[in-house]
Amino acid sequence: MASLSASSLILFIAAIGIAAGVSGVMVDSVGGISESITTHGDSVEEQLETDITIISDTGSDAIYDGTNDTVTVLVKNTGARPLPTDPDLVDVVFDGEYVVPSSTTIDVVSTNTGTWKEGEVIELVIDLDGSLATGEHRATVIVDGDEEVLRFYV
Amino acid sequence: MGFSASGATAVIFIGLLVSAATLVPAVQDAREAQRDGLTERDDRMLEQRNTDIEVVDAVYNDTEERLVVRLDNTGTTTLDAEETDLLVDGEYVGPSTTVDGDGTRSLWSPGTRLVFTHDTTTAPDRVHVATRPGVQVATNVTVTGVN
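Listed in order, the protein sequences are those of chains A and B. Residue numbers for the first sequence follow the numbering used here, beginning at 38 and rising by one. Residue numbers for the second sequence follow the numbering used here, beginning at 5 and rising by one.
Hints were generated in silico from the structure; no laboratory data involved. Ideal placement from N, C-alpha and C gives every residue a C-beta, glycine not left out. Be aware that a few hints might be false.
Said to hold, decoys possible - Per label pair, the in silico range of CB-to-CB distance:
1. A/Y190 <-> B/T102: 33 to 39 Å
2. A/V146 <-> B/R70: 18 to 24 Å
3. A/D164 <-> B/E68: 35 to 41 Å
4. A/T75 <-> B/D129: 50 to 56 Å
5. B/P114 <-> A/V137: 41 to 47 Å
6. B/D129 <-> A/R188: 16 to 22 Å
7. B/G6 <-> A/I70: 29 to 35 Å
8. B/S10 <-> A/A43: 15 to 21 Å
To be verified - Stretch by stretch, here's where chain B covers chain A in the computed footprint (C-beta under 8 Å, at least three residues):
9. 52-62
10. 82-90
11. 93-106
12. 113-126
13. 156-170
Take the sequences, apply the hints, and build the full model.
Here it is, written out as structure tokens:
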């Protein structure tokens, strides 16, 4: 009788231990999933609130500077949240090639505050390796998942 | 044995409850954030569709060395003069603005006229105007007052 009670107790402890382990792992995993879902939701909201528009005048000669071999792109924040002006956070692809952040400079030209708030315009200057050949060119600016393309002729 | 199974089931059930209590608010928050973002984007797109501007004229007076660009708000969106950008020959400039003749006014309501005044010594060829919702217009400059 005593040995039956002891074995039942051992089985009970083992069952509770295994169940607690399973529950613990499940709660931990679901906690991680919940955190990911929250982060993803915030990220989607940020992307939906991000909107940029290139306002450079492609009918003018101000885009390409043949003396300094630079391309200047004016980009307006037409979204609903301030955007970063750090070249590391603004991706530029020129004629299909990624432009390294050290080759771009960004200035907020519409205000002197230095922050790219809603409605403000930045001047993005791309320092090219050499002069541009005559023909069609294409600059793509990507900020927080929003992408805008500028096509111009030199 | 029966008691062990019941105990283990109770422990796992508690774990399920705790997991659900963590997961459900996270899913609700994420959906709410997404819904807010979509609503905001829809509002922006509607504002853009309702925005329309027309260039009345862009005149450079060579004697006064002054460029005057007049624009009408022909849409149904109230724009902001401070958030309307003027490019002269592709260069961003900071002109002075008046709305219906008032230099202190910034709200560019439908049916009113925005006038940009920019002093420059060289006669520009072209102006380009961009509004807050992203609607843009461009026109060539007429030069007057040439001696």
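Outcome of the hint check:
1. A/Y190 <-> B/T102: 33 to 39 Å: 36 Å, holds
2. A/V146 <-> B/R70: 18 to 24 Å: 22 Å, holds
3. A/D164 <-> B/E68: 35 to 41 Å: 38 Å, holds
4. A/T75 <-> B/D129: 50 to 56 Å: 53 Å, holds
5. B/P114 <-> A/V137: 41 to 47 Å: 45 Å, holds
6. B/D129 <-> A/R188: 16 to 22 Å: 21 Å, holds
7. B/G6 <-> A/I70: 29 to 35 Å: About 34 Å separates the Cβ atoms of B/G6 and A/I70, which means 29 to 35 Å holds.
8. B/S10 <-> A/A43: 15 to 21 Å: For A/A43 against B/S10, whose Cβ atoms are near 19 Å apart, the range 15 to 21 Å holds.
9. 52-62: This one holds; 8 residues, not fewer than the three required, reach chain B with a Cβ under 8 Å.
10. 82-90: holds (count 7)
11. 93-106: holds (count 7)
12. 113-126: holds (count 4)
13. 156-170: holds (count 3)
Hint violations for this structure: none, all hints satisfied.
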